[in-house]
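Peer 1: Here are the chains, one letter per residue:
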Amino acid sequence: MKKTTAAALALTLGSGGAIADAGSQRGPLSESDMQAVSPALERYADNRLVSKLWKGTDLSPRDRSLITVAAVIARNQTILLPEQFELALDNGVTPAELSETITHLAFYAGWGNAVAATAVAKEVFAARGVRADQLPGAKEPLLPLDEKAEAARAARVDKSIGTAAPGLVRDTTDVLFRDLWLRPGLTPRDRSLITVSALIANGQDQQIPPHLNRAMDNGLTQEQASGALSHLAYYAGWPNAFSAAPVFKKVFEQRETK
Amino acid sequence: MKKTTAAALALTLGSGGAIADAGSQRGPLSESDMQAVSPALERYADNRLVSKLWKGTDLSPRDRSLITVAAVIARNQTILLPEQFELALDNGVTPAELSETITHLAFYAGWGNAVAATAVAKEVFAARGVRADQLPGAKEPLLPLDEKAEAARAARVDKSIGTAAPGLVRDTTDVLFRDLWLRPGLTPRDRSLITVSALIANGQDQQIPPHLNRAMDNGLTQEQASGALSHLAYYAGWPNAFSAAPVFKKVFEQRETK
Amino acid sequence: MKKTTAAALALTLGSGGAIADAGSQRGPLSESDMQAVSPALERYADNRLVSKLWKGTDLSPRDRSLITVAAVIARNQTILLPEQFELALDNGVTPAELSETITHLAFYAGWGNAVAATAVAKEVFAARGVRADQLPGAKEPLLPLDEKAEAARAARVDKSIGTAAPGLVRDTTDVLFRDLWLRPGLTPRDRSLITVSALIANGQDQQIPPHLNRAMDNGLTQEQASGALSHLAYYAGWPNAFSAAPVFKKVFEQRETK
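Chains as they are written, first to last, in UniProt numbering: chain A, 1 to 258; chain B, 1 to 258; chain C, 1 to 258.
Just so you know, the hints here were simulated from the structure itself, not pulled from any lab data. What you are looking at is a predicted structure, and each value in this text was computed from that prediction instead of being measured. No residue lacks a Cβ here, since even glycine has one placed at the ideal position from N, Cα and C. Some hints could be false.
In silico SDA-like cross-links for lysine to any residue, where the CA-CA straight-line distance does not exceed 25 angstroms [unchecked claim]:
(1) C:K249 - C:R156
(2) A:K148 - A:T163
(3) B:K249 - C:A154
(4) A:K139 - C:R156
A few chain B residues facing chain A, derived, Cβ under 8 angstroms [stated by the list, open to error]:
(5) A109
(6) T118
(7) A121
(8) F125
(9) V175
(10) R183
Sequences are here, hints too, so could you generate the full structure?
Peer 2: What follows is the structure in structure tokens.
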């Protein structure tokens, strides 16, 4: 089948290769389902998403899958979840990384989004025979913490909102930055990439700068960040991409003049 | 049946007539389903939505359906989709226009929203016997383009975000303004109306001014724009309407002093 | 069963007691469902949400349920609705209050959110044998209105957006402040608490100040408001809580200097 061939090619070429499995981008619908409502939508799926967007060279197919999965979870787009999970696994996102992505987004997109994603991933993992030993453990040895940078972050947050929400400040330190962010199941760069993607997907522009800076500090290039933003226009809608774009621009400019 | 009678009356009166089919506004629930949880919600459905909101004379029933459908798709409110699609068809939105609305919102609300809407519209179209030749084609002869205005728009966007997101700028031109927006399946005025409705529905106030101006340039009156905003308070929630209102006010004032 | 014991304890201790039923926080998933995708998510559900968050003493279990239900309805997180409705009833939210919460959020989160919540609550109420006479009536004798304060509110809104959206201004007075807000099924303090929770859940920061002030005027303490914000980080996602926090801080500071 087409999918298997593409997956095989991807294996041959490695995840940096331009040959990506692009899925059908129709979720659970067939070509004729879509044409029964909108032949134009079917054309866009095929001509734009499958044939162009997913073949773009500014992002690896794996990155494209990571950010799409993040957007779809963050927006609770359950109809797209099964295909995008399959596609992510075909494009080189490991089950462990997909698991960790869902866990991470429980905190960045909301608990219910992660529960809904888990219900779908369970079926996808079962169908592929993913075993327990392929998943990140409940507790893992954590990545080393940059104590100085973390202390500075915590102080900054405490100063700005500590009196208003001490519980939030405390949990941000204990649950997020001294636990979740240090879990080894995703590289810091990938963790930042899905965080920024979720922020764009939900129009949370105000929170983008620190996370985009962190992503770039952790190795995301400007070309990749820009490619992610352009990709997400399709899944988060143009208005969310257009609101995020000036924020990206400002971050890029500030990093250049540093 | 009630629905058929209302549809017949609408045909007699034309889409400008005040007699609208207003549906039940309960989605798939029955009167007694709703009363088993909230007799008050049932009262509001009947007394406020069906008997007043949908009978308001500031908007035609067709406009009211177009903006409700846009809001419900934009918010991925799948439980309301079937009734609102039926109602739209009863109120004079053609299957072709509904098809094109879904296609348009793939780009303005996100791909997954359009896929979810397509899955529902497929059933509604099948039950009504909508045929392929009633739908807009995958590719249609495009409306004439105002090259000068489009060049100005493209230059403005390129200047503001071109360095940060060249791919986004390119696709905005190629996919949206030189393709989607020129498709003849919706009048420019209707296309703008559903775009503005989707922006209100998702709280994307920042993006409203250019689209509201475009809508009014294309024939949407201030009374209709204002009526759409008031109508959408019910479907997008009061907070989204209240955040959009000052933006509308500013656009109205700027147009008056021009 | 665990649930019954917890409910019995809660009855013994009163709703102010620290012993709360905290549910499983897995929605419809089982422990092993969750572990098949993410053992870490299961650990967070158990160690963080069930064992810590829901046992926090800054909010009563009943308040915690009210705000969680509000957030889950406002975000249309249907997968969490059944468990959170059950939990709310176990934690001392009466069926009448849950009914009224859904009705209220029809206007603050959007009509479709309330319809989706009604479809789920219907099943929960039926399973518990909730009778019609336990629900608030379609029309109830309204709470007394502070005519002077309401006239001031109406004048303020009319001045700021009246020319742009007269229909919205009219319905805000007639449907919301002279009807919905005066229904006796929820105390004004609880009504404000769920409103603020819905605003945080959907990132509608701009609308928070008047509603947070109203909540505190109606008896919500700063500690409770702050506790609600911290709690909601888990259900609305950290970015929404972080965007709301500076708004909360400013409101708290302005009230202190008055």
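Peer 1: State for each hint whether it applies.
Peer 2: Right, here's what the structure says about each hint:
Pair hint K249 of chain C plus R156 of chain C holds up; C-alpha atoms about 24 angstroms apart against a cutoff of 25 angstroms. As the CA atoms of K148 of chain A and T163 of chain A are separated by approximately 23 angstroms, the hinted pair is consistent with the 25 angstroms bound. Proposed proximity of K249 of chain B and A154 of chain C is supported: the alpha carbons are some 17 angstroms apart, at most 25 angstroms. Taken as a hint, the K139 of chain A and R156 of chain C pair is broken in the structure, with Cα atoms around 54 angstroms apart against an allowance of 25 angstroms.
Taken as an interface hint, A109 of chain B checks out: its beta carbon lies about 5 angstroms from the nearest beta carbon of chain A, inside 8 angstroms. Using the Cβ-Cβ criterion of 8 angstroms, the hint placing T118 of chain B at the interface with chain A is satisfied: the shortest such distance is roughly 5 angstroms. Interface restraint check for A121 of chain B: the shortest CB-CB distance to chain A comes to about 5 angstroms, inside 8 angstroms, so the restraint holds. Hint on F125 of chain B holds. Least Cβ distance to chain A is approximately 6 angstroms, under the 8 angstroms limit.
Interface hint at V175 of chain B: satisfied, since its Cβ lies 6 angstroms from the closest Cβ of chain A, which is below the 8 angstroms cut-off. Hint status for R183 of chain B relative to chain A: holds, with the closest Cβ pair at about 7 angstroms, below 8 angstroms.
In the structure shown, a violation is registered for the earlier hint numbered 4 alone.
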